[in-house]
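J.: Model the full structure from these sequences, guided by the hints.
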Amino acid sequence: MIKQLEFKKIISSPIILGLFVLFLLFNCFLIYQQSSIRNDMRSLQPIVQETGTLMDKEGREKLQTSYEEDLNSWNQLSQSKTGDTYQNAADFYKPEIYYSLIESNIYSEKELQDINNLAIKETYQNSIKDIETKYSTLNVMENAEEGIRLFGLEGAAAEKVREQYTVLKPRVEELIQNKEHLHLFFHGKMFGTHSFLFKTLFGFVIFQAMILIVLFTAFIVNYEFEQKTFLVAYSTKRGRKLVWDKLFVSLFTSILMTVVLLSSTLLGYFIVFDYSGLWTVPISTGFLIEMNEIPFISWWNLTFLEYLLLTCVLVVVCQILFVLLTFCTSMWIRNSYIVFVIFGVIFSAGLLLPSIIPKNSTMLLYTHFTPFTLAMNVKKWWMESGVFKAFKYYEIITVSGWLVALLLTAWFFINRFSRENL
Amino acid sequence: MRIVVNEIRKLFSVKIICLLLLVSFFVYQQFIMFEFKHFPNGRPLLDDFRATQKMLVDYGESMDSEEFKDFKEIKEQRIAEATEYLKSQKEMVAAGIDTYEEFSNMDQENEKLAALHSKIFFEDSVDIFWEIQARDGIIDRYEHPERFNEHELTPKQNARMDELVENGSTKAIFTFMVFENYNVLMKYVAILIFLNIMIILMPLYIRDKRNHVQLLQYTSKTGRSLFSHKLLSGLTASLIIITAQLAFFFFMYRGNDTSMFFPLSINSIFNIFVSWYDLTFFQYIVLTVICVYLLGIALVLVGAWISSIAPNYMTSVGLHVPLAFLLFGTGTTYLVQNLTSIYLNPYLVPISFVTILILTSVLFIWRYRKEKVNNIL
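Heads up: the protein sequence lines correspond to chains W and G, in order.
If you use the numbering used here, the first sequence corresponds to residues 1 to 422, in order.
If you use the numbering used here, the second sequence corresponds to residues 1 to 377, in order.
Calculated from the structure, these hints are not laboratory results.
Since this is a predicted model, take the numbers as computed values, not measurements.
There may be inaccurate statements among the hints.
[What the hints assert, rightly or not] In silico EDC-like cross-links for lysine to aspartate or glutamate, where the CA-CA straight-line distance does not exceed 20 Å:
{"no.": "1", "chain 1": "G", "residue 1": "Lys112", "chain 2": "G", "residue 2": "Glu123"}
{"no.": "2", "chain 1": "G", "residue 1": "Lys209", "chain 2": "W", "residue 2": "Glu224"}
{"no.": "3", "chain 1": "G", "residue 1": "Lys10", "chain 2": "W", "residue 2": "Glu226"}
{"no.": "4", "chain 1": "G", "residue 1": "Lys119", "chain 2": "W", "residue 2": "Glu146"}
{"no.": "5", "chain 1": "G", "residue 1": "Lys54", "chain 2": "G", "residue 2": "Asp136"}
T.: Set out below in structure tokens:
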């Protein structure tokens with residue numbers, strides 16, 4: 001009963017609901033802004049239906065024949081229309097020919113769409129070779145050395161990084177052996193879907209959920225203090241136990257709110273962008289590589305769907321950490337808006353912490369094991385993500401360590417509170 | 001008056017001051033210190049900056065064609081020095097590269113030559129070579145003032161561009177680095193100031209509401225006037241904060257050593273910014289400071305309004321979230337940075353400020369009238 005009433009306090013507050021709707025609308029707006037590429041993205045599905053996602057020798061030959069067929073039929077059309085034939089689809093887009101062709105309206109809307117699809121098919125086909133060369137020459141130890149040089153790591157820290165990358169090495173070999181890198185997926189350089197989904201959208205969702213969570217957790221924990229009813233509430237035996245209800249309700253509501261916010265945002269995303277036929281593609285595929293040319297190497301052989309679900313779970317767990325942190329801060333500072341500011345200060349202090357650690361101490365690496373650094377970096381969760389976080393179980397260690405620490409702190413505060421003088 | 005002073009003292013409690021200092025420290029660490037420490041950021045920007053400083057010392061505020069000839073001569077001298085340097089390097093001579101001409105035209109595709117090239121620039125980082133590059137850039141810009149018309153511009157914008165070339169302000173020896181650096185810094189300082197104002201104004205009316213003293217206050221005549229007194233103290237407190245933050249910022253900014261650029265026109269060919277008005281860098285700085293003050297005052301009105309309508313801190317902070325989003329993003333981009341830019345409407349800044357200030361005042365006055373006749377329940 002008390003739990004229900006506490007829950008009602010949060011849910012019936014117009015500001016929480018208002019912000020929730022505002023955040024959702026904002027996410028929809030982000031997706032809408034990105035939606036111009038959806039048609040180009042969609043041209044991958046027919047290819048996948050024809051050849052399958054795996055681009056081994058067989059798949060590649062299929063793609064090659066289908067590409068040549070399309071190019072031939074296009075050349076027949078273009079020959080009948082303008083007398084030109086093209087070596088490849090990209091030639092069509094050369095500025096000296098393209099603009100005059102468009103202006104003279106020779107090709108219909110449909111035909112332009114066809115050549116566009118052909119050009120996209122060509123890009124996929126041309127990328128296979130680049131990806132193969134990239135992965136066959138990929139040396140993670142070299143990447144480690146470069147990272148070490150770039151960030152000026154020395155001594156024990158550098159040694160630790162090298163050690164971690166030797167763990168990664170067999171995984172890369174396994175990845176190549178499994179041909180995980182040769183699966184067709186939305187072209188990263190053209191569409192950048194991974195960055196948009198996991199950096200922009202997930203990044204915003206994490207921060208939006210965090211803002212809501214800090215707001216209502218600080219609010220309900222200190223409700224009696226703000227209403228000046230704490231003298232009454234805490235003078236009884238049941239009143240002292242209210243704080244357990246508050247912790248429970250804020251945990252429950254945060255999970256609920258994060259799940260709803262995340263699932264509705266993702267629902268919007270997957271309605272706009274069609275991922276059919278691609279859910280089981282390994283997340284480490286070379287086609288995902290974006291403009292910065294950094295390959296995505298997941299620590300396990302995960303499919304896109306598994307990766308997405310794991311990431312969602314981790315987002316929820318991160319929010320649990322933030323609830324606990326807010327709870328502890330509110331038990332310590334009995335003023336909800338100062339709690340909000342202090343939370344921000346703790347967050348940025350967590351991000352700044354590594355910069356004050358000497359470059360030769362392994363502490364430098366361990367200071368990255370915070371939920372704050374974690375929350376800033378969704379794009380590279382469960383993957384090799386630079387020298388500082390090159391630990392296989394980085395995410396799991398971070399959240400479980402902090403979960404235990406925060407639960408103990410919360411328990412300590414509750415215990416102290418139950419014996420506190422009025 | 002006594003009430004106002006006491007209210008200000010209440011706003012600046014020790015706890016709040018510590019909080020403000022803490023927030024300022026982290027904002028400085030995360031966003032601002034970088035622009036101080038790494039100015040100019042790397043090469044060849046550093047060399048560009050040095051060359052520009054030398055130009056200022058040698059030629060004064062602008063460079064005429066005589067001086068430009070001299071500037072080119074210095075570059076020739078540097079090329080001679082570079083050739084000398086190349087001749088003194090055994091591996092360079094061995095590779096058949098013993099003049100600067102050959103060095104700059106050398107085949108970068110060839111791995112061995114590319115390694116030599118990067119050795120000169122990055123490993124040995126020979127100053128002369130960087131300097132020649134920087135001077136090349138400056139000469140190129142000076143010789144092609146028509147770059148102004150690269151964009152598709154309206155006739156009005158074009159006329160402004162032509163006017164600038166005619167009245168000679170394009171010839172001022174200014175540099176885009178100083179301008180960009182200042183713009184980025186000012187954005188974060190403005191954000192920090194707004195953050196501070198939000199924090200300090202949050203309890204303005206809520207605290208009394210929370211302590212239920214409004215019941216007492218509103219039964220007396222002085223108590224009813226507290227509402228405007230509190231606004232006045234909030235305003236004063238915010239002005240104190242803005243002034244203190246700006247004073248600290250400009251104290252730190254002195255370290256970037258850009259004072260010699262103050263009297264120069266920002267419409268110089270060496271800047272990437274074009275203004276609707278003939279502003280010097282100093283006038284531009286003053287303009288940004290005025291805009292920060294005006295936005296700060298508008299924020300005080302909105303913040304006070306939020307504080308007076310919000311029943312609790314959660315609502316108050318929650319209402320500040322979208323406000324901060326607007327203010328820190330769009331607000332600073334158009335009303336603190338890029339002021340009077342030729343690519344924006346010339347009336348954008350004045351109209352926005354007039355609208356913002358009128359709207360926020362109306363919002364507050366409406367609340368003030370209601371508060372005056374409010375029933376005590």
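J.: Hints the structure violates: just list their numbers, smallest first.
T.: none
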